[in-house]
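When you line the sequence shown up against numbering that gives the first Met the number 0, it's residues 0 to 325, in that order.
Since the hints were derived computationally from the structure, they do not count as laboratory data. Worth double-checking, as some hints may not be accurate.
Under the rule of at most 35 angstroms between Cα atoms (straight-line distance), these lysine-lysine pairs were calculated in the DSBU-like manner [what the hints assert, rightly or not]:
no. : residue 1 : residue 2
1   : LYS175    : LYS122
2   : LYS296    : LYS191
3   : LYS199    : LYS93
4   : LYS273    : LYS287
5   : LYS191    : LYS161
6   : LYS287    : LYS199
7   : LYS270    : LYS200
8   : LYS296    : LYS273
9   : LYS175    : LYS273
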Amino acid sequence: MSLIKAKNLDKTFRIYQRGEGLRGYLKSFISRDFEEVNAVGDLNLEIDEGEMIGYIGANGAGKSTTVKMLTGILEPSSGKIEVDGLDPHKHRKKNAMNIGVVFGQKTQLWWDLPVRESFKLLKEVYEVSEEDYEARIDEFDEVLQLSDFWDQPVRKLSLGQKMRCELAAAFLHHPKIVYLDEPTIGLDVAVKERIRNFIKKMNEEEEITVMLTTHDIGDIEDLCDRVVVLDEGRKIYDGELDTLVNRFTSRRLVMELRDGEEFDLEMEGIKEVKREGGSVEVVFDRDKVSASDLMRKILDSYDVLDFRIREPDIESVVKKVYNEGL
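I would like the entire structure built from these sequences, with the hints used as guidance.
See below:
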């Protein structure tokens with residue numbers, strides 16, 4: 000069942016353009032020039048309950064604008080949105096009770112209050128019972144280790160500690176959907192792993208739908224089976240991550256042969272063979288030949304000392320999509 004439906008969604012901003020110098024400043028009192036910028040155009044999107052999708056694109060592609068429309072912060076210029084059957088802009092309060100949001104550069108915690116007090120306030124805002132609150136804080140603490148800084152003011156937290164709190168706050172009321180906008184930006188490897196484990200746990204065990212916008216390829220690899228790619232506000236890909244990777248790359252079989260041994264293999268699906276000394280790299284199309292069939296053929300014909308399969312580099316695929324489109 001679809002939890003989010005967006006049909007022909009469009010968002011256009013009018014940007015004021017002021018002329019240069021004093022003359023331009025004075026002219027603006029009489030007449031103003033505006034430029035229309037289309038941030039999101041003709042977007043159709045459906046997300047089912049319990050899904051976790053990666054919503055990716057280059058800077059300025061329209062990711063954050065989409066999230067702001069889905070949360071009700073922005074009203075679409077045209078098109079239709081339903082989040083759990085509600086128009087998020089017209090029913091902002093009802094929608095807010097069903098969602099959680101983490102914006103990497105903004106906070107929902109109170110700056111001067113201890114973390115504990117911020118969570119108590121959020122408990123009242125979202126009408127979470129005392130029993131559920133205690134159980135969830137214990138559950139969150141297990142993965143995110145909030146008790147290490149539970150009594151510190153938010154302003155004294157490190158970036159990693161603050162982001163762990165932001166995540167816990169977004170999931171505190173067990174919303175139906177959580178929007179995560181760059182949740183691991185600027186964090187070290189250990190904190191990223193903790194955060195990814197927590198997101199995965201909430202999605203799998205509590206069946207909370209997650210929409211993740213990120214530039215971190217590790218987030219996409221670890222968390223998302225489905226990705227939606229935006230380019231200049233328009234959707235250019237919506238499907239499995241593996242399918243996107245396979246479309247742009249091939250797998251590689253790297254082998255070590257005995258020095259001096261010739262290598263000449265003809266087989267459907269082989270795209271390229273590179274050789275340097277005893278090392279041979281075979282580039283092949285996985286849709287036409289499997290790694291096991293290729294390896295069996297090679298082992299029957301050659302004396303292989305060692306081999307490994309080199310998987311496609313997802314980061315290079317995403318960069319290619321950003322730079323060249325589909």
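Okay, the hints, checked on the actual structure:
no. : hint            : result
1   : LYS175 x LYS122 : 17 angstroms, holds
2   : LYS296 x LYS191 : 42 angstroms, violated
3   : LYS199 x LYS93  : 26 angstroms, holds
4   : LYS273 x LYS287 : 19 angstroms, holds
5   : LYS191 x LYS161 : 13 angstroms, holds
6   : LYS287 x LYS199 : 34 angstroms, holds
7   : LYS270 x LYS200 : 41 angstroms, violated
8   : LYS296 x LYS273 : 18 angstroms, holds
9   : LYS175 x LYS273 : 51 angstroms, violated
In the structure shown, a violation is registered for the earlier hints numbered 2, 7, 9, in ascending order.
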